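Enquirer: The primary structure of each chain is shown beneath.
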Amino acid sequence: MSPDGAVARRWSLRYHGHMTGKRFTVLDLIDIDLKEHNSLDLRCIGGRKGLAREISIPDLNRPGLALSGFYDSFAYQRIQIFGRGEAAYLRMLASESRTETIERMFSYAIPCCIFTHSLTPDRGFFELAERSQCPLLQTDLPSAEFSSRVLRVLSNLFAPQKTMHGVLVEVYGIGILILGDSGVGKSEAALELIERGHRLVADDVVDMRCVNGNILMGAGANKIIGHHMEIRGLGIINITHLYGVGAIRDKKQVQLVVELEEWDPEKLYDRIGTQERYMEILGVKIPRLEIPVKPGRNIPIIIETAAMNERLKKMGYFSAKEFNQNVLKWIESDAARSVYFGQDDII
Amino acid sequence: MIEQMVKIKNRAGIHARPAALLVQTASRFKSKIFIEKETDRINGKSIMGIITLGAAYETPLKLIAEGEDEADAIDALVHLFDSKFEED
Numbered sequence: 001m002s003p004d005g006a007v008a009r010r011w012s013l014r015y016h017g018h019m020t021g022k023r024f025t026v027l028d029l030i031d032i033d034l035k036e037h038n039s040l041d042l043r044c045i046g047g048r049k050g051l052a053r054e055i056s057i058p059d060l061n062r063p064g065l066a067l068s069g070f071y072d073s074f075a076y077q078r079i080q081i082f083g084r085g086e087a088a089y090l091r092m093l094a095s096e097s098r099t100e101t102i103e104r105m106f107s108y109a110i111p112c113c114i115f116t117h118s119l120t121p122d123r124g125f126f127e128l129a130e131r132s133q134c135p136l137l138q139t140d141l142p143s144a145e146f147s148s149r150v151l152r153v154l155s156n157l158f159a160p161q162k163t164m165h166g167v168l169v170e171v172y173g174i175g176i177l178i179l180g181d182s183g184v185g186k187s188e189a190a191l192e193l194i195e196r197g198h199r200l201v202a203d204d205v206v207d208m209r210c211v212n213g214n215i216l217m218g219a220g221a222n223k224i225i226g227h228h229m230e231i232r233g234l235g236i237i238n239i240t241h242l243y244g245v246g247a248i249r250d251k252k253q254v255q256l257v258v259e260l261e262e263w264d265p266e267k268l269y270d271r272i273g274t275q276e277r278y279m280e281i282l283g284v285k286i287p288r289l290e291i292p293v294k295p296g297r298n299i300p301i302i303i304e305t306a307a308m309n310e311r312l313k314k315m316g317y318f319s320a321k322e323f324n325q326n327v328l329k330w331i332e333s334d335a336a337r338s339v340y341f342g343q344d345d346i347i
Numbered sequence: 348m349i350e351q352m353v354k355i356k357n358r359a360g361i362h363a364r365p366a367a368l369l370v371q372t373a374s375r376f377k378s379k380i381f382i383e384k385e386t387d388r389i390n391g392k393s394i395m396g397i398i399t400l401g402a403a404y405e406t407p408l409k410l411i412a413e414g415e416d417e418a419d420a421i422d423a424l425v426h427l428f429d430s431k432f433e434e435d
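In order, the protein sequence lines correspond to chains H and Y.
Per this note's numbering, the first sequence runs over residues 1 to 347.
Per this note's numbering, the second sequence runs over residues 348 to 435.
Just chain H, with the same shape it has in the complex:
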């Protein structure tokens, strides 16, 4: 599992302060374990007593206006970034011994100050930070690069999240969430799909997270459980050991929901396929199919075909609608022909 995904799973905070009991602090930001090209390269250079301060908003602020004295709508809840411009301004303030705006900034409960480009503030700034116990961090990264990396990490951590009961598989590149009551055959269908060469992302407990407001990423909820499946009669099996690393995947965007249900003779099932039904998960609309299960029906083949159909739709070919249009054209042309050929007096 990717490190930032693993960290996000540990924290799973929610935006707007609905914390799940775990606070994300400045210390946690420094400690996050990220791969090289995502690494934040952060170290604490002062104000250590404030490392327990909480980061509650996944956003940044460059305090230029505040430092120059304008404090209306100062975004004090955000992480404050000090780049080359801000550092130069601080040097100017220091040379003129003007510290009021800096003192005023520290009077707010800002989470921390981060100096990019390996810049360091002057002695006076340090002391003011220590006095108000505000953590001072430093990174070698340039401001733009640091900003984009930290925003990525924060948006992942603060993404709306929930766990669902189902199986997430990847079939022909399409992330399919299989839902249904216990015992309907979700895991067994997934097992056959894996045997046919597709991939398991998560079984039973799927962690869903809404990234960027319109993408739903699904992953296994727990690293220890990982890629295991429970099959009634067999017990818990380890898919990675049985089928290899090519049969598993750590996370996948959820692009289709397949609901398996016991065949209900009273219910009307979709016979044409032109009407698209959706399920809303964490505010994202995902296309949804209802598949009735009956002994003798090959569910994995149906799921595979659904995946291929979904791929086709993404490419712009909506087979069911095209079929309907062709039928209409044929009926029209047939009706037109019968007007000419059905009447005796035309000849």
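Since the hints were made in silico from the structure, they are not lab data.
All values derive from a computational prediction rather than experimental measurement.
Ideal placement from N, C-alpha and C gives every residue a C-beta, glycine not left out.
The reader is advised that the hints may include incorrect statements.
Unchecked claim - Within a straight-line C-alpha distance of at most 27 Å, the following computed BS3-like cross-link-like pairs (lysine-lysine) qualify:
| # | chain 1 | residue 1 | chain 2 | residue 2 |
| --- | --- | --- | --- | --- |
| 1 | H | K294 | Y | K377 |
| 2 | H | K251 | Y | K384 |
| 3 | H | K162 | Y | K409 |
| 4 | Y | K356 | Y | K431 |
| 5 | Y | K379 | H | K162 |
| 6 | Y | K379 | H | K294 |
| 7 | H | K162 | Y | K354 |
| 8 | Y | K409 | Y | K384 |
| 9 | Y | K354 | H | K223 |
| 10 | Y | K354 | Y | K377 |
| 11 | H | K267 | H | K321 |
| 12 | Y | K356 | H | K223 |
| 13 | Y | K384 | H | K223 |
| 14 | H | K285 | Y | K379 |
| 15 | H | K35 | H | K223 |
| 16 | Y | K377 | Y | K431 |
| 17 | Y | K409 | H | K223 |
Unchecked claim - Across the chosen pairs, the derived CB separations fall in these ranges:
| # | chain 1 | residue 1 | chain 2 | residue 2 | range |
| --- | --- | --- | --- | --- | --- |
| 18 | H | M315 | Y | K356 | 49 to 59 Å |
| 19 | H | M315 | Y | Q351 | 47 to 57 Å |
| 20 | Y | G360 | H | K294 | 34 to 44 Å |
With chain H's structure known, arrange chain Y on it following the hints.
Expert: Relative to chain H, chain Y alone:
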């Protein structure tokens, strides 16, 4: 729908054997059964879900049952927790 809070009395928490017992009991009933720990809600009829909860000694859990036999389901499950899953 019935909700009921329970506490784990087993020293080892809910590991494989109690989880299996829990699932077998829950699967006997027609009602939908969920178990909640803090904000995580999992399906009580799935063993992977229960193990994933990571429920340790003294952890409070919420049992939720919805269906025609919800009362019987809750009773059976509460009994399991109280009897420490037949350990000790």
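Enquirer: Where does the structure disagree with the numbered hints, that is, which hint numbers, in rising order?
Expert: Of the numbered hints, all hold.
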